[in-house]
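Participant: Take a look at the letters that make up each chain.
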Amino acid sequence: MKIGVVTFPGTLDDRDAQRAVRIAGATAVPLWHADANLHKVDAVVLPGGFSYGDYLRCGAIAAQAPVTEAIVKAANGGLPVLGICNGFQVLVESHLLPGGLIRNEAQHFICRDQKLRVENIDTPWTNQFELNQEITIPLKNGEGGYIATDETLKRLEGEGLVAFRYLDGNPNGSMNDIAGLRNERGNVVGLMPHPEHAVEPGFGPDTAVAMRSGIDGLKFFTSVINALVNA
Amino acid sequence: MALFKKKKTEFVPSGVDTTANAAITPEKDQPYALLGLKDDEYARIREILGRRPTSSELAMYSVMWSEHCSYKSSKIYLRQFGEKVTDEMKKHLMVGMGENAGVVDIGEGWAVTFKVESHNHPSYIEPFQGAATGVGGIVRDILTMGARPIAVMDQLRFGAPENPDTARVVHGVVDGISFYGNCLGLPNIGGETVFDKVYQGNPLVNALSVGALRHEDLKLAKASNPGDLVILFGARTGADGIGGVSVLASETFDSTGPSRRPAVQVGDPFAEKVLIECCLELYHAQVVAGIQDLGGAGISCATSELASNGGAGMRVQLQHVLKRDESLTPEEILMSESQERMMGIVPKKHLKAFEAIVNKWEVEYAVIGEVINEDRLYINWGEEEIVNVPPRTVAHDGPVYERPVAYPAYQDALNANNVHVAANGNGLHRHNDNGSELAAQFVQIISSPNQADKGWITDQYDRYVGGNTALAQPDDSGMVRVSEETGLGISIATDANGRYCQLDPYQGAKLALAEAYRNVAVGGAKPMAVTNCLNFGSPENPEVMWQFKQATAGLADGCLELGIPVTGGNVSFYNQTGDVAIHPTPVVGVLGVIDDVARRIPSGWQDEGHNIYLLGTTKDELDGSVWSEVVHGHLGGRPPVVDLSFEKQLAEAIAAASEQGLLASAHDLSEAGLAQAVAECSFRFNMGARIWLNEICERDGVDRTSALFSESTGRVLVSVGREDDVKFVGLCEARGIPVLRIGVTDNSGTLEIQDVAGWQLSDLRAAHKGTLAELFAN
Amino acid sequence: MPKIIVEVMPKEVLLDPQGKAVANSLHRTGHKDITAVRIGKRIELHFDRPVTEADVADAQKIGESFLSNAVIEDVVSVTVEDN
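Protein chains in written order, with my numbering: chain D, 83 to 313; chain W, 71 to 848; chain L, 76 to 158.
Calculated directly from the structure, the hints in this document are not laboratory data. Small disclaimer: the values here were computed from a predicted structure and weren't measured. There could be a bad hint or two in this list.
With a cut-off of at most 25 Å between alpha-carbon atoms, the simulated DMTMM-like pairs for lysine to aspartate or glutamate come out as follows [claimed, not checked]:
{"hint": "1", "chain 1": "D", "residue 1": "K84", "chain 2": "W", "residue 2": "E555"}
{"hint": "2", "chain 1": "D", "residue 1": "K236", "chain 2": "L", "residue 2": "E87"}
{"hint": "3", "chain 1": "W", "residue 1": "K393", "chain 2": "L", "residue 2": "E119"}
{"hint": "4", "chain 1": "D", "residue 1": "K155", "chain 2": "L", "residue 2": "E128"}
{"hint": "5", "chain 1": "L", "residue 1": "K95", "chain 2": "W", "residue 2": "E555"}
{"hint": "6", "chain 1": "W", "residue 1": "K267", "chain 2": "W", "residue 2": "D235"}
{"hint": "7", "chain 1": "L", "residue 1": "K95", "chain 2": "W", "residue 2": "D245"}
{"hint": "8", "chain 1": "W", "residue 1": "K596", "chain 2": "W", "residue 2": "D627"}
{"hint": "9", "chain 1": "L", "residue 1": "K116", "chain 2": "D", "residue 2": "D288"}
{"hint": "10", "chain 1": "W", "residue 1": "K419", "chain 2": "W", "residue 2": "D287"}
{"hint": "11", "chain 1": "L", "residue 1": "K86", "chain 2": "D", "residue 2": "E233"}
{"hint": "12", "chain 1": "L", "residue 1": "K136", "chain 2": "L", "residue 2": "D108"}
{"hint": "13", "chain 1": "L", "residue 1": "K107", "chain 2": "D", "residue 2": "E151"}
{"hint": "14", "chain 1": "W", "residue 1": "K619", "chain 2": "W", "residue 2": "D287"}
{"hint": "15", "chain 1": "D", "residue 1": "K84", "chain 2": "W", "residue 2": "E554"}
{"hint": "16", "chain 1": "W", "residue 1": "K596", "chain 2": "W", "residue 2": "E610"}
{"hint": "17", "chain 1": "L", "residue 1": "K95", "chain 2": "D", "residue 2": "D232"}
{"hint": "18", "chain 1": "L", "residue 1": "K107", "chain 2": "W", "residue 2": "E117"}
{"hint": "19", "chain 1": "L", "residue 1": "K78", "chain 2": "W", "residue 2": "E396"}
{"hint": "20", "chain 1": "W", "residue 1": "K393", "chain 2": "L", "residue 2": "E139"}
{"hint": "21", "chain 1": "W", "residue 1": "K839", "chain 2": "D", "residue 2": "D250"}
{"hint": "22", "chain 1": "W", "residue 1": "K145", "chain 2": "W", "residue 2": "E610"}
{"hint": "23", "chain 1": "W", "residue 1": "K430", "chain 2": "D", "residue 2": "D250"}
{"hint": "24", "chain 1": "L", "residue 1": "K107", "chain 2": "L", "residue 2": "D157"}
{"hint": "25", "chain 1": "W", "residue 1": "K142", "chain 2": "W", "residue 2": "E117"}
{"hint": "26", "chain 1": "L", "residue 1": "K86", "chain 2": "D", "residue 2": "E239"}
{"hint": "27", "chain 1": "W", "residue 1": "K619", "chain 2": "W", "residue 2": "D482"}
{"hint": "28", "chain 1": "W", "residue 1": "K524", "chain 2": "D", "residue 2": "E187"}
{"hint": "29", "chain 1": "D", "residue 1": "K197", "chain 2": "W", "residue 2": "D529"}
{"hint": "30", "chain 1": "W", "residue 1": "K797", "chain 2": "W", "residue 2": "D627"}
{"hint": "31", "chain 1": "L", "residue 1": "K136", "chain 2": "D", "residue 2": "E151"}
Residues of chain D placed beyond 12 Å of chain W at every Cβ, according to the derived structure [as the list claims (entries may be wrong)]:
{"hint": "32", "residue": "M83"}
{"hint": "33", "residue": "Q100"}
{"hint": "34", "residue": "A152"}
{"hint": "35", "residue": "L161"}
{"hint": "36", "residue": "L235"}
{"hint": "37", "residue": "N265"}
{"hint": "38", "residue": "R267"}
{"hint": "39", "residue": "G268"}
Glycine is no exception: its CB is placed at the ideal position from the N, C-alpha and C atoms.
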C-alpha cells in the first residue's frame, strides 16, 4: 500500500503526515511539487503548511503546481485524496472541492484541540468512524474560515457532503460550522483540523485518560488502507 | 574564476572611496562618531591599517565594533563562563562558547544546539517585524551548526498592561512571532510573558531556538581552505536595517538620494523555511565546508568572521551580490541586514552539486569570492579595492572595555525597605486569620496579568508541528523527542525575575538558574547545559555595569555549583528610556535530556484520590514576591535565599522517583508560591483537590500568608498514587528531602483550601484564563 | 515602465473579516459615518515594452483564473498605467 505525501516549498506537516501513514501500516511516498509523476501511489495526502508562503491566496499557487495538476486528474478518476489544512485550501483552489477559506474571524492564528463530529462515513478516509462520532484532533490555522455561496451551502447540506463539523465552539467563523467536506464521489476529502497530529500516544491532544494520548486521527489513515484493501 | 580579471577597457573611477584613495587623502574628515565609534577606536583603526579607513572599511569596523557585535563592555565578564568550569562539566560539551551556538552531546550519537537571542530594540520600533525577524535570526544561528531546528520558545517582557502603548507592542510582537514562527514548521514549546512598567519603552523580545544533529554532522562556520568559493544565497540584498550607514552614503552621493533608508528589517518566513530545507540538504550532500548566517552586520560580519574563524583570508567581489535595489552603495551592501540570507563556503569541485540543490529549492545564489591563503580580507567594487583589512581585527579583536562599576546609590535603601518594615514601619498587611481576605488575594494573584493563563498568546503559536512535542506551555518546560527510534528527547525551561535582580542581581541570576533547573527536573529530564540572554540598561552607567557584573558572577558561580556549563549566550545593553534602565533581566535557559520522553512527568493532577506532597521547606520570603507586587504594589528587601546543592538533591530525588514510576505529577513552586502551583495543578487536567496549610505553618514556623504566597526556592508539588505512598515518602526521607502531605486530589470540580476557601474550579479557571483576552483581544 | 493594474475585491455578498475588523476599529475611534470597510488587492503587472490590447485581455484572463478566486473574489478593474 503506497500513500503519496506531497511537499510544496513551504509545506510543514509533510513529515508528520508520512509518519501517520507509516503508523497506520502503509508506505509513505514523498511527492515533490515540481514532479508530475505520482509514482503509482494508491492514495495522496496534501499536508498542512504554507505552500509558497500562502502568497496571493492560501493554496492558490500550489493549485498551479505540476504535481497538483496530476492529482486533480487522478482524483477525477477516483484516486483517494485527503487535503489537510493547507491541503484543504489547495483542494478548494483547484476546484476539487467547492467554496473558499478566508482569514479566521478572530483575525489571528489559532492552535487548539478541536472537537469535531464525523457526519459522513461513506468515504475512503472516514469509513472506520461511526456516523456522528465525536472526535478530538488538533486545529491550527490562520485562514480556516469556510465560506461559500448560499446555493453551494444548500447543495452541500442537501447532498450530505459536509464530512466534519466543529463542536463546542466554531474556532474560525466557518459557515454552518463546516470543518471539512467530501466531493460527490467521496474520494476527495478536505478538512482544516489535523488528523496526522493525533496518531501517536504521547504526542496528540489531551484526553480524559492521560495527557496527549488522543489518537482519533489515526482512523483517517486506517480508513484509506481499509478502503484500498477492499477495493 | 573571472571575478577579479582586469578589464582591458578604459578605467573609469566610480566615485567610491578606494583603499588607494584613502592612502592619498589621510586628512579626509570621516563621520566615525555618527557611526558610534569613539575617538580612540577610530585612531586604533587607522593604526591597524596604517592609513585612514575607506568608507566601506569604516562601515565594517563601526558595526563590528558596536556593542551588539563585539561585546566590548561584557567580554571581560563573560569569560568567567568559560573559566568557572570543571572537566566534568565540559564532558558533554562538543562546542563551547564563542561559536554561533554551543553544542551538547545528549547520547546515542545525538547532539543538540540551543541559543537565545534578543531583538529588543527593533521590536519596540516595529513590533511585528522586530519579533518576526528575531525568530528568523535565531533559527539561522542554529542552522549554521549543521543542526535541524526542532523547536522555538520566546521570552517576552512588556510594559504595564493598562498602558495603551502596551497593546500595540503585544499585538505586534505576538502576531510577528505567530506569523513567522508558524510558517517555519517549528513547534513553539513555551516561553515567558511578563508585564512591568519598567519595560514600557523597552520591551524585551528574546527568542530561543534548539536544533538536533547527529555527531558526525556537526559543522563550524569557518573558511579555512584556500580556493573554496564564497557563495551568498537566499534572499536578495536590499536596504533593510541600514538606517545608520546612510550617513556614509550621503557623503559619497547626493544627499537626497539614498538617505531614506529604513532602520527595520522585513522578514519572509517562506524564504526562511525554504532556506532551512535547502541548507540541510547541502549539509547532507556534503557540498559545503561551512555556512554562516547573515544577521546583524550582514556581509561585514559573515566575511570577516568566516575568514577569522578559519584562520584564512578572503577575496570578495561586492558587485556580484544580488540586489533588490540597484541604487545600494557598497557601504550599504556591506551593512545591509536583509533577512533570510546565508553565506556558504563551497569547495570548487562541489559547485555543480551545490547549484543543483539550490536550484531545486529555487533559491538564488551568487559566487562572490574565494578563500585565500593570506591573513587578509580584500573586497572589490568592480576593479577598485574598497576593503583591505586583517579579518581578525574586524571580527574578533575589537575593543574591550573595563567599564566603571559603582554600587547603586539606591541599593541599600531598596534592600532595607522589606515587607516587614514597609508601609511606614508597619510591614505590608497580612490577613492571616481572615480566610475570605486570603481567598480574595489568591484570586487576585492568579488572575493578575503575570500569573494569569497565557493561552491567549500561546494559542496563536503552533505547538504540534513536527509531531514530537511531549510538553509545551502551560507545562513547566517544553519537551521534544529527538529520536523516534528510542524516544530520546530534550527539554528546555527559561526563567528570569527582574524584580529579584533589581533587589540583588547576583542572587537574582542564581534564582533564575535555580528555577529553570527545577522546571527541567520536574518534567523528568536531567539538566545538562545553560544558555542566557542578558538584558540590561546602559553599560556606560556604572550602576548598571555593577548589576551586570553581579549577575554574571551569580550565574557563573551557580552553574559551577550545579555542575552544568554555559554553552553560549547573548547580551543586550542600552535597554533604558532616558536615564531609567529596565530591571536587570538575565534570561537563563536550561537544557535537559530525557532518555525516553514517554517517561515525562505531567505538570498537573490527572487522577482522583492521589496524595499531594510538598517537597522542601517554606520560609517567610515575600520580599520581591508576586504577593508584594500584586496585593501591595511594593518592591523592596532581599530576594529568597537559594541553596543550589539542595536544588541538585531535589532534582535527583525527582529523577529517582520518576524512574521508579512513583510520580503522577510534579510542578515547581516559584512565583506566587504554593497558591499558583495548586491552581495550575488543578487547571491542567481539570482535577480538584483539598489542601490544608496548617502542617506547613506548624513544621516551618510560618504564617498562612507565607504558606500560600512565599516564594522560597527548592520546593516542588507532587502527586502520588496511594499505592506508592510509602515508597515515595521513604525515598524522600532517605535522600534528606523534607516531605509533607498537604492534600488529596478529588474529582468534585472544586478546589478547597481548608480554612481559606472553596471554589468551583470552573469559576477559578475563568478568572485565570480571562485576563489576557480581556486586556488584549480586540 | 508601463504596467497593468488588476484590482481584486472579496465578493460583496461574502463576509470580509479583515474589512469588518477595520470597520469596527474605525467606529471605536469615532469614524461613525463610515458604514463599511472592504479590503482587496492591487496587483501590478510590469512590462518593459508598450502594453497592447492583447496584454490587457490576457491580464483580464489571468486575473479571473489565477490572481483571484472566483468563488470568493471578483476582478473589479483592469487598467493600464504608463509612467
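Participant: Work down the list of hints and note, for each, if the structure agrees.
Facilitator: Consistency of the hints with the structure:
1. K84(D) x E555(W): 22 Å, holds
2. K236(D) x E87(L): Judged against 25 Å, a Cα distance of about 19 Å means the pair holds.
3. K393(W) x E119(L): 21 Å, holds
4. K155(D) x E128(L): 34 Å, violated
5. K95(L) x E555(W): 49 Å, violated
6. K267(W) x D235(W): Within the cut-off at roughly 11 Å; holds.
7. K95(L) x D245(W): Roughly 19 Å between the alpha carbons, so the hint for K95(L) and D245(W) holds.
8. K596(W) x D627(W): Holds, at about 20 Å.
9. K116(L) x D288(D): Answer violated: K116(L) to D288(D) is near 41 Å, above 25 Å.
10. K419(W) x D287(W): 20 Å, holds
11. K86(L) x E233(D): 15 Å, holds
12. K136(L) x D108(L): Violated, at about 37 Å.
13. K107(L) x E151(D): Status violated; Cα separation ~48 Å.
14. K619(W) x D287(W): 37 Å, violated
15. K84(D) x E554(W): Roughly 22 Å separates the two Cα atoms, so the pair holds.
16. K596(W) x E610(W): 39 Å, violated
17. K95(L) x D232(D): 20 Å, holds
18. K107(L) x E117(W): 66 Å, violated
19. K78(L) x E396(W): Holds: K78(L) and E396(W) sit about 20 Å apart, inside 25 Å.
20. K393(W) x E139(L): Violated, because 32 Å separates the two Cα atoms, which is more than 25 Å.
21. K839(W) x D250(D): 17 Å, holds
22. K145(W) x E610(W): 14 Å, holds
23. K430(W) x D250(D): 44 Å, violated
24. K107(L) x D157(L): Roughly 37 Å between the alpha carbons, so the hint for K107(L) and D157(L) is violated.
25. K142(W) x E117(W): Cα-Cα ~19 Å, so holds.
26. K86(L) x E239(D): 22 Å, holds
27. K619(W) x D482(W): 18 Å, holds
28. K524(W) x E187(D): Roughly 20 Å separates the two Cα atoms, so the pair holds.
29. K197(D) x D529(W): Holds, at roughly 16 Å.
30. K797(W) x D627(W): Violated. K797(W) to D627(W) sits at ~35 Å, over the 25 Å cutoff.
31. K136(L) x E151(D): At roughly 19 Å apart (the allowed maximum being 25 Å), E151(D) and K136(L) satisfy the hint.
32. M83: 21 Å, holds
33. Q100: About 10 Å separates Q100(D) from the closest Cβ of chain W, which leaves it inside 12 Å; violated.
34. A152: Check passes; 19 Å lies beyond 12 Å.
35. L161: Holds: least Cβ distance 25 Å, greater than 12 Å.
36. L235: 28 Å, holds
37. N265: 27 Å, holds
38. R267: 30 Å, holds
39. G268: Holds, since 28 Å exceeds 12 Å.
The structure fails to meet hints 4, 5, 9, 12, 13, 14, 16, 18, 20, 23, 24, 30, 33 from the earlier list, while all remaining hints are met.
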